[in-house]
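Chains as they are written, first to last, in full-length UniProt numbering: chain A, 1 to 333; chain B, 1 to 449.
Be careful, since some hints might not be right.
As the list claims (entries may be wrong) - Only pairs whose alpha carbons sit at most 25 Å apart, straight line, appear in this in silico DMTMM-like list of lysine to aspartate or glutamate: (1) K146/B to E345/B; (2) K367/B to E377/B; (3) K79/A to D110/B; (4) K171/B to E190/B; (5) K79/A to E439/B; (6) K126/B to E350/B; (7) K259/B to E88/A; (8) K445/B to E88/A.
Hints are computed from structural coordinates only; laboratory data are not their basis.
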Amino acid sequence: MTVGQISSVAADRPDAPASAGRAPAVGGPQTSMTARRHRAFYMFTSPWIIGFVLLTIAPMVYALWLSFTTFDGISPNWKYVGLGNYRELLNDSVTWAALGRAGLFAVTSVPLSIIAGLALAVLVNRPIKARGLFRTLLYLPAVVPPVGAGLAFKLLFDQNSGASNGVLTFFGFDAVGWLADPYARYVLLMTVLWAAGNVMIISLAGLQDVPRELHEAARIDGASAWRTFRSITVPLLSPVLLFQTVTGMIASVQTIMPLLLAPLGDTSGITTVPQSNYLYMMHVFAQYFALGRYGYASALLWVLFVLILVVTGLIFKFTSGVVFYNVDPEAKK
Amino acid sequence: MHPRAGASLSRRRFLALSAGGAAAGAAGLSGCALQVSTGVSGAGETITVMVNSGDITPEQVQQAKKDLGIKIVLVRYDITKLIAMITNGNPPDLVRGVGAVDAPFYAARDVAEELDPYFARSSVLKLDDLDPVNDLWRYDGRTQGKGPRYGMAKDFSQDSMYWYNTAAFDKAGVDHPSETEPITYEEWLEKAQRLVQRKNGQTTVFGGSYGGLTRATLMATMTASAGGSLFNDDFSRVDFTSPEARKALAWYIEYCRTKVGPSLIQPDPNGWDGPTYQAGRLAMSNSGYWMGGMIYPDKKLAEVSRLAPAPLFAGGTRISACQGGTGLWMPKKAKNKDAAWRVFEWFFGEEPAKARAGGGWGIPSLKSMRSLMPAQEDYQKRVLKAQENELKHFSVVSFTPYTRADAVDALFNQIAPAAMNGQISVDALAGRLNSSINEQLKRGKEQVG
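Please model the entire structure based on the sequences and the hints provided.
This is the structure in structure tokens:
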């Protein structure tokens, strides 16, 4: 028992003198219980909080400081430039083009992967034979590390020796330069869809939460399968779909997959990414590690952070009327 | 109000404690880092060496411990990690570097140790035994190749040379290039176009690769070969619009556009020429003597492989530069310099150097070790003869101290594909390269001061 606990116990005793642990003026046992619960809460969360402060807040503050400088990591004469990097960013056409591509990638890849994942979830939620096996197989690509997946896709879509062109040429078609513009963007989308098992598994959990009696009632009322899906399943899945939209959007603008598909997947090769796959994070990576512009790259990251916050806020705002939360609104009170 | 024992932990107090914990944690982490950096954590002396895997083998680490009594801790080379370690005042004791491009960069930023005093007192590494390639590691504050030494090459090649496969030439009915007299770049491209084999839109055999060690050194070297200089006198600007640089740029864009070999718009999934050449799918490979290390163990391949001189531009100068000169340098803030120097001597002048010289993976950087280069087989003698002839044309092409070659490559890779795909002209490309690379050089110059 710690000193703090002994004091606390002493303070709980009704006959304890006021000096013993300075008993609280109000409350008594109730307050002490609350204090213990608070303490337990903070003790349990403190490892995460300390990690969060050390590994997230501190680097973010450091990056914010860097974004006001010309620091390049090694040169002696870097200087404070105030908002100079942010002003440069506003006039940097490469930055805006990369941001535009990242936005386009997000608005295509996120809906596509959600639709694909949901469709797979509906399929494997049906009472079919070997359902467990199908669920495992469909989820399997999602557990392959991105580096391995990138290498596999590079080999699969290589113009001269890839299996995809092997099939095309077998049927008499000409080979396609999949990993170069303008096709590289489609390969990138395929890498996202390939890992749709992630979305599937979450959607499947959501589907299994939909009360069966609602579907039965709809069937008795003569609703078609599509109508049941549209009017019952989707509304009840809407919180899950919102979650997937928000996390998918955040992940998609931060994807590093284009680098893994690039001819040279290292620091010097960052800009060998075909232009259609040169997304915002590729640009950030290039500024940091190829050009050594730590200050400017930090400004780019902070702008992205703020943009993600704004877009997430907008998603919540515009979906507030269509997302169905299966909880009692009065419960909060 | 004093906090009391057993009182509720307020949010404010909790955050204060967390901040304290975070600070203590940071100090702890920092303490750990310092402990590693002292290089004296073991019983004997310990040094940290940042290299690529294979530069120093685990067996050599054991050997160093036995022969020198020095423990080598290997850290995998990573530029971001290196910069973080230098910034924290906790650099490795020896670091891998590419002399042709890294020496002026680190020397100008005053992070590399001058090694002249160490060379002066060394009985292993004598100045008159150093091959001229080691001058790539000299920098006088203005020009590469002069002034104090900051490092040394472990071995080298003349990176504008190329290997060719006689079987591929014979199959295509193309004359073999001379092994002693250079052909022109135009002839090289014409041969590559005749050698390339395509079917259904796929390239089954590449005519040739020509990409240099980096795009930055390739352009600088080719411009020098055309009789000009890519950089201005103080290396603070590039000019791709000069007739010589434009000639080099136009040739390289034409090479990429015709897709006779791997390039940004037709990448080789292997990432380098070795496996493609070995598979007989590359007729000419722009690689120097070092690729013999990969070719010799495959006798069948070695017998049809020839090493040819660096091409030149019609009417241009015959030069054959080393674009690498990869070796080691010592950071100024290295903690254990004497032990690091002893390992430096051992790595460049003793057993590891002899093993490298005999492997064919490069020309030794000590003249006294030339006799160890492989020359047992006829094909090795033939290659050695071509290489010895080429050494007469060795030259140093200086690089700018104001940016890393990676940065120039990054900008080049970003802009050039449009020209390779025929979307912009070579002149437009030259203008864009000037604009973006000069901006990078300007920033670098401001930072160096």
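We went through each hint and held it up to the structure:
Between K146/B and E345/B the CA atoms are separated by roughly 22 Å; this keeps the pair inside 25 Å, and the hint holds. For the hint pairing K367/B with E377/B, the CA-to-CA distance comes to about 22 Å; that is within 25 Å, so the pair holds. Taken as a hint, the K79/A and D110/B pair is honoured in the structure, with Cα atoms around 17 Å apart against an allowance of 25 Å. Restraint check for K171/B and E190/B: the C-alpha separation of about 16 Å stays at or below 25 Å, so the hint holds.
Distance check on the hinted pair: K79/A and E439/B sit about 17 Å apart at the alpha-carbon level, within 25 Å; holds. As the CA atoms of K126/B and E350/B are separated by approximately 13 Å, the hinted pair is consistent with the 25 Å bound. The suggested pairing of K259/B with E88/A is violated, with an alpha-carbon distance near 37 Å, which exceeds 25 Å. Between K445/B and E88/A the alpha-carbon distance is near 19 Å, which keeps this suggested pair within the 25 Å criterion.
When each numbered hint is compared with the structure, a violation occurs for hint 7 only.
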